[in-house]
Amino acid sequence: MDMPLPDAAIIARKSAITARLRSVLPADAVISDPAETRAYECDALTAYRCAPMAAVLPRTTEEVAAVLRICHQEGVPVVPRGAGTSLAGGSLPTADCVLIGVARMNAVLETDYDNRFIRVQSGRTNLSVTGAIESDGWFYAPDPSSQLACAIAGNIAMNSGGAHCLKYGVTTNNLLGVTLVQMDGTVVEIGGPWADAGGIDLLGVICGSEGQLGIVTEATLRILPKPEGARPVLVGFDSNEVAGTCVSDIIKAGILPVAIEFMDRPCIRATEAFAKAGYPDCEALLIIEVEGAPQEIAEQLARIKAIALQHNPVEFREAADEDQAKRIWLGRKSAFGAMGQINDYMCLDGTIPVSALPYVLRRIGEMSAACGLDVGNVFHAGDGNMHPLILFNANKPGDLERCEAFGADILKLCVEVGGCLTGEHGVGIEKRDLMSVQFNPADLEAQLRVKDVFDPGWLLNPAKVFPLEATASRRGAGASPHTPRIFAQRG
Amino acid sequence: MRPDSEAELSEMVKAAAALQITGGGTRGIGRATGAVLATTGLCGVQLYEPGALTLVARAGTPVAEIAALLASERQRLAFEVPDLRALLGRTGASTIGGVVAANASGPRRVQVGACRDALLGVRFVDGQGCVIKNGGRVMKNVTGYDLVKLLAGSQGALGVLTEVSFKVQAVPEAEVTLVAERALPQGLADLRRALGSPFDVSGAAWVAGRAMIRLEGMAGSVAYRAGKLRDLLGFEAAPADWSAVRDVTAFAGRAGAVWRLSVKPTAAADLVQRLDLEAVCDWGGGLIWLLDPTGQADVRAAVAGVGHATLIRPLPGMTAPAFPPEPPAVAALTAGLRAQFDPRQIFNPGMMG
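For the record, the sequence lines run as chains V and S. Under this note's numbering, residues 9 to 499 are what the first sequence spells out, in order. Under this note's numbering, residues 5 to 357 are what the second sequence spells out, in order.
It is worth saying that the hints were derived from the structure and are not from the lab. Just so you know, even glycine gets a beta-carbon here, dropped at the ideal spot from N, CA and C. Incorrect hints may have been included.
Claimed, not checked - Calculated pairs, DSSO-like style, for lysine-lysine (alpha carbon to alpha carbon, straight line, at most 30 Å):
id, chain 1, residue 1, chain 2, residue 2
1, S, K232, V, K334
2, V, K260, S, K171
3, V, K175, S, K232
4, V, K404, V, K341
5, V, K341, S, K171
6, S, K137, V, K260
As the list claims (entries may be wrong) - Residues from chain S that face chain V, not an exhaustive set, calculated with beta carbons under 7 Å:
id, residue
7, G55
8, M143
9, S158
10, A227
11, Y228
12, K268
13, G311
14, L337
What the hints assert, rightly or not - Covered stretches of chain S, going by a simulated chain V footprint (3 or more residues, C-beta under 8 Å):
id, region
15, 60-74
16, 149-155
17, 287-296
Chain V extracted, bound-state conformation (with noise of 0.2 Å):
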């Protein structure tokens, strides 16, 4: 993975840049100290690292605002970071940005239930968000894994989905507006507590542009009663097309439970071993989630029981009470921990159509014996979303490239059967340069040309997103198609 040489001429003007930013900002919020800027050099991609120039930690928008002005007049590259759990390297520094993180800007600034909606700063947790509205039968939908810690600023710069998004959508589908600071600083308030934003949908854009059109600071969010209860239900299967044909049929039936989650027998096995949740040892298992009143749930879990028991499963097991209901949780919940004690893993996240799943899961099997890396799938099947996690030993020289290797053709497989690269988690700078096996020129180009409407002297986080190649006429001078590679070493 490269990224552009640093620009050197303006690391050398790093004090005078820094004194600019603390003569707007109060002193706790800038960070220029090397041993204190480490803090920030990588997010949840940790096989890339580059500590900032400086980090700045702002409280308003009126202070972002500020520090967009100055770089924009210094020509200084912005890197934007919500909590930094990105596993795309959305916010990677390069050694001559300003980060700016919106960490600390976590205020709920308006709580409105009869219009339906939440507005906060945006450095507020996913969670958190709900956390402030629950207590009143209310929840904010999206749900990505990182919910505890993921602020919502990452969430719209990357379009984050969840499990439940089969029923509610991703952020895009729940985000009624924003505050956007541009990179001359430039303040916009776009959409608002109403349907529709009004005129072309500049706020759709914006959500899903990891950070490369504006920092949002504040969002006015969707958010909705609490449905009145939730249960699953487990059923296994002795191959991965059954178990896909049943997701199918399911669906088809017409009706819709909020999550339907897939588990191939690698990841079955690595569970078990780790979480003891007492899965059943079979090819394929989903979990399937409804929502409602009792009776309402036991009128679903009834439909989905008829349609799975026409697959001969090997197993339907239904929650009896909360404890049950956990347990059949337990697994899923603890998947990517399971794996993570085999070995180092690299998580990936393309799309495919749902019919292709038995397809793409037997080449992806094919494809780990030829290069012998393990893989365990786990994903959420009702929409497609796959998340291969590729087992590697970062302490064996080369077994990093061998896997970023072998995850690049899962991707182009994805791509190959009609989905795409990435479902929920971005491209940054992990699949940036698969995006061309996605795209043809005309298409990245099309792309491009709002980048150059929001941001026209491509300074916010310019390396991310598209091939470099591709961008190197619009970034700075620093910008060059053939740079070295910061850093490749797990931590």
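Chain V is already provided as a structure; the job is to place chain S on it using the hints.
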């Protein structure tokens, strides 16, 4: 002009000076000028996988054809395509590309979102004749910028759509509407209470003094939720015509200007009473249709701060722009995007101002 292929369309765009893009010509608003470019030649369903809830169609495909195909598998477009022909005094067959360009969305928006929320992918031709694709046919996709949303509701200003992909929905087995005679503001307050309950309301409208709440799903579930809401609000089950809400038939064939307002729901009742105009409210008050017999009401001033208003059907002589004026910083971004995607300003000139 009526191209039969994307390639032919691309050539026409390259050669054109000004184009008024039209699908079935059923919902065009604003004052576009230029040579008429019909997309009806780009037609046909490309892919339909009922088990994956996915449909891909060329942009000029009639909505009726898509609806019939989906109905054969007991599925539908979840966002309820409004048919505004009677309201706008038009004829013709609505196309799916026109629906997307207008982000046309009906009463179920309160539950499943708008057209843009069901849209998975687009192909379009930009102002320089370039063919561009974005999104795809899968449910979750964050690969690159979301130009799918950008194109939905862009009224043709950024490009001519050639293909669209949707997530579709199974038709639920049961549907019940609860109604009550309620004046404003109580009628809308009751709708907001229903929407704030866990009972998964799929329609919440107020028409001519009658508040209506729709519930859909499995039979037992619908019966349960209807019982709960009846107890909560005192509404009773009654036959209801949601297509009349969706299509605003209350104003069809009647003289006057028609406005469409997107507002903060709690502001709706006061707004309607202050303007003293006949209203059809949907989305629990979030959507207001107003009939202004004289065209004199200052609707935009009234809605300032709580939403925005689109002039759907002007009276002759009205000079207000169809689309709401934007604040300068937003307008600059919109203008910038239009300059990038349509640098020669050939698409629907005059339409969005």
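To see whether the hints hold, each was checked on the structure:
| no. | hint | in the structure |
| --- | --- | --- |
| 1 | K232(S) to K334(V) | holds (29 Å) |
| 2 | K260(V) to K171(S) | holds (12 Å) |
| 3 | K175(V) to K232(S) | holds (22 Å) |
| 4 | K404(V) to K341(V) | holds (28 Å) |
| 5 | K341(V) to K171(S) | holds (28 Å) |
| 6 | K137(S) to K260(V) | holds (28 Å) |
| 7 | G55 | holds (4 Å) |
| 8 | M143 | holds (4 Å) |
| 9 | S158 | holds (5 Å) |
| 10 | A227 | violated (9 Å) |
| 11 | Y228 | holds (6 Å) |
| 12 | K268 | holds (5 Å) |
| 13 | G311 | holds (4 Å) |
| 14 | L337 | holds (6 Å) |
| 15 | 60-74 | violated (count 0) |
| 16 | 149-155 | holds (count 6) |
| 17 | 287-296 | holds (count 3) |
Against the hints set out earlier in the document, violations occur for numbers 10, 15.
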